[in-house]
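Peer 1: The listed protein sequences derive, respectively, from chains W and G. Residues 0 to 290 in numbering that gives the first Met the number 0 are what the first sequence lists, from first letter to last. Residues 0 to 419 in numbering that gives the first Met the number 0 are what the second sequence lists, from first letter to last.
What the hints contain is simulated information worked out from the structure, not anything from laboratory work. Misleading hints may appear alongside valid ones.
Taking lysine to aspartate or glutamate pairs in the DMTMM-like style, the calculated list, with each CA pair at most 20 Å apart, reads [as the list claims (entries may be wrong)]: (1) Lys419(G) to Glu182(W); (2) Lys52(G) to Glu253(G); (3) Lys131(W) to Asp181(G).
Next come the chains, spelled out residue by residue.
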Amino acid sequence: MKNSKNRLWYILFVAPLVLIFATVVVIPFLMGIYYAFFQWDGIGANPKVFVGFDNFKHLLTDTRFFKSAWLTTLFTILAVASVNIVGLFFALLVTSKLRTANAARTMIFMPYLIGGLILGYIWQFIFTDVFKRLGELTGFDNVFFNWLMDPQYALYAMVFVFTWQMAGYVMIIYIAGIQGIPEDVIEASKIDGANGWQRLRKIIFPLLMPAFTISLFLTLSSAFKVYDVNLSLTGGGPANATELFAMNIYNEIFGYGNYGFGQAKAIVFFLIVAAITLTQVYLTKKREVEM
Amino acid sequence: MKFRKRLLSSLFIGVLMLILAACSGDSGGEGGKSNDGESGKSSDQKITIFQSKVEISDQLEALAKEYEEETGVEVEVWGTTGDDYFQQLQIRLNSDQGPSIFSLQNVTEAERLKSYVHDLSDEDYVEHIAPGMALELDGKVVGIPYGVEGFGLVYNKDLVSPEDVADYESFVKTLEKFKAEDINGLGLAKDAYFLIGHIINHPFSLQDDFYSYIDQLTAGDVTMAETETFQEFGKFMEAIKENTPSPLDVSYDEEIGDFAAGKSAMIHQGNWAYGMISDFDVDFEIGMLPLPLQGNDKLAVGVGSNWAINSEKDEAEVQAAVDFLNWLNTSETGHKYIVEEFGFVPALTNIEAGELDPLSQDVLDASNSGETIAWSQSYFPAGIVPNDFTPAAQEFFLSKDMTGQEFIEKLDAAWKNAVK
Chain W
0 MKNSKNRLWY
10 ILFVAPLVLI
20 FATVVVIPFL
30 MGIYYAFFQW
40 DGIGANPKVF
50 VGFDNFKHLL
60 TDTRFFKSAW
70 LTTLFTILAV
80 ASVNIVGLFF
90 ALLVTSKLRT
100 ANAARTMIFM
110 PYLIGGLILG
120 YIWQFIFTDV
130 FKRLGELTGF
140 DNVFFNWLMD
150 PQYALYAMVF
160 VFTWQMAGYV
170 MIIYIAGIQG
180 IPEDVIEASK
190 IDGANGWQRL
200 RKIIFPLLMP
210 AFTISLFLTL
220 SSAFKVYDVN
230 LSLTGGGPAN
240 ATELFAMNIY
250 NEIFGYGNYG
260 FGQAKAIVFF
270 LIVAAITLTQ
280 VYLTKKREVE
290 M
Chain G
0 MKFRKRLLSS
10 LFIGVLMLIL
20 AACSGDSGGE
30 GGKSNDGESG
40 KSSDQKITIF
50 QSKVEISDQL
60 EALAKEYEEE
70 TGVEVEVWGT
80 TGDDYFQQLQ
90 IRLNSDQGPS
100 IFSLQNVTEA
110 ERLKSYVHDL
120 SDEDYVEHIA
130 PGMALELDGK
140 VVGIPYGVEG
150 FGLVYNKDLV
160 SPEDVADYES
170 FVKTLEKFKA
180 EDINGLGLAK
190 DAYFLIGHII
200 NHPFSLQDDF
210 YSYIDQLTAG
220 DVTMAETETF
230 QEFGKFMEAI
240 KENTPSPLDV
250 SYDEEIGDFA
260 AGKSAMIHQG
270 NWAYGMISDF
280 DVDFEIGMLP
290 LPLQGNDKLA
300 VGVGSNWAIN
310 SEKDEAEVQA
320 AVDFLNWLNT
330 SETGHKYIVE
340 EFGFVPALTN
350 IEAGELDPLS
360 QDVLDASNSG
370 ETIAWSQSYF
380 PAGIVPNDFT
390 PAAQEFFLSK
400 DMTGQEFIEK
410 LDAAWKNAVK
């Protein structure tokens, strides 16, 4: 009796989500795999031609795709490092005995609520106008110039804005982790004479491992998939220097009208992201310690 | 206990119903639409317009309101930012949420949307379309031109006189002179069409027969790098890069604003820009000159965009869309909007041009006298400007060392990539 009632509750809450998840993720994904074997320009009424694995073979000769793969990897490495370092730093800061901790917490989390598209446009303005002006006024024009117009710095600008956006979010995860560390462990270490750095390295970090697992997974997968900031901040420019994976796929499908080939790229992209994030979760899970 | 159980199950059924309702929303709508008996009444008909010209969005919405008051047919205008219009259109059409009226730039786009374009050949106003300006696909008229447009060097008559930009030498001299005076000699903007899309039209259109030239280019029989006109075009671009501030920092708005403020002597623009220029208090006269590539003395005139109707919509909606275009192109209000509010140079002979702004007047004069070069860009591969030409042009303006000749070679590579 009790069991069946629970099951009813369970279905009540899960069913809508399963349905939504299926319609916007699972079904399109399966359809995507199907389309990857066709040559099709993406226009509903136009003919689809079955080409087997040709799209995947063609992928090996696409230099632009490989360039964007390299850029995405570079971006991900930089972004994951900077988001987690900054996020952890903020988390340690706002859990210390800071008087403005609560206000700081809210403010740091705020950018995440704004959304990548708008954030990108705001920062585009800052890089183009404010930075240039600042460079003219202060004379530091080797630091303050329009980063978006330099093929290399445009990528750094993206890392910067991405960090700005995500750091607050991973901070929340780290805060939860830090607060989960029992006071007495810390106190015991203090009595034993451990200094701040030792406490951080030997106690806090190992006990934070679950938080690392989640944060790294989140930043890794979202850095790989980033599109909104990419679109609004640089639009892939200048001269395709910041065209990351997702944008390359979008351009292939809608810019060139190669729907099938673009889908093939997307499948490969999915496999890469899945492989990397699963490896990461496996590795960091192994390092988690039981309390 | 029993009560709670009942509450729970009714809640459950409620949620299920909601989901089912949401899922069936699509088919329900379709069923309602295909019910011809009901939608025969024009008052509950609704049409949607998705068009590519940002400049006329506000005016078009005003027009939609007037049309609704007059006929009771609701007209919804969807916004766009312009640059990736065709991609957005494609997405909407694919998800069966396409508009009833959309714009088509050229025959290449019409070809791609072949299965969507409605045949307009039998409409009365089609015979009024100026010769050669209708958008035709397989002998059928599928697009009604918005209006005739032209572009070239929009110049400040206080600063520049026509003989200053009559050929390559004088052009370069003028740019150098302005550079010394700290004035921007020729303004471009970073957006795809204003950076490269329009200006690249010139070397193509100056070929004897640009259709066959483009076909040869696609087939790989010629390259731009070995064509004289393009070599000179490269030199023009070099001169622009050396003597003017980088256009990559300049938005469309800033380009126009700087010109209106007298900070730029010339901009490469079309008559559509006048609407925005006149928003500023401009205290000098303006005009339009041809880009003097190989001594060219003609403006590039063509049709920028065409109204097309989505044939995949149900009959009633297609008919309503046809009625709307009919009204736009034959009624007095429609004409008033085309000429006065949109500022178009009419491409239909039954529309009186009336009083035109100076830029449109220049275009109309050129068009009337036949002293024009064509818009070869309407024969470019679809999407080549934003996808391939723009990155190449960005690279050119970014690297100080790249010569005009190297730039043309980049464009060759871009072309190959676009037609592969």
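Peer 1: Check each numbered hint from earlier against the structure, then list the numbers of those it violates in ascending order.
Peer 2: 1
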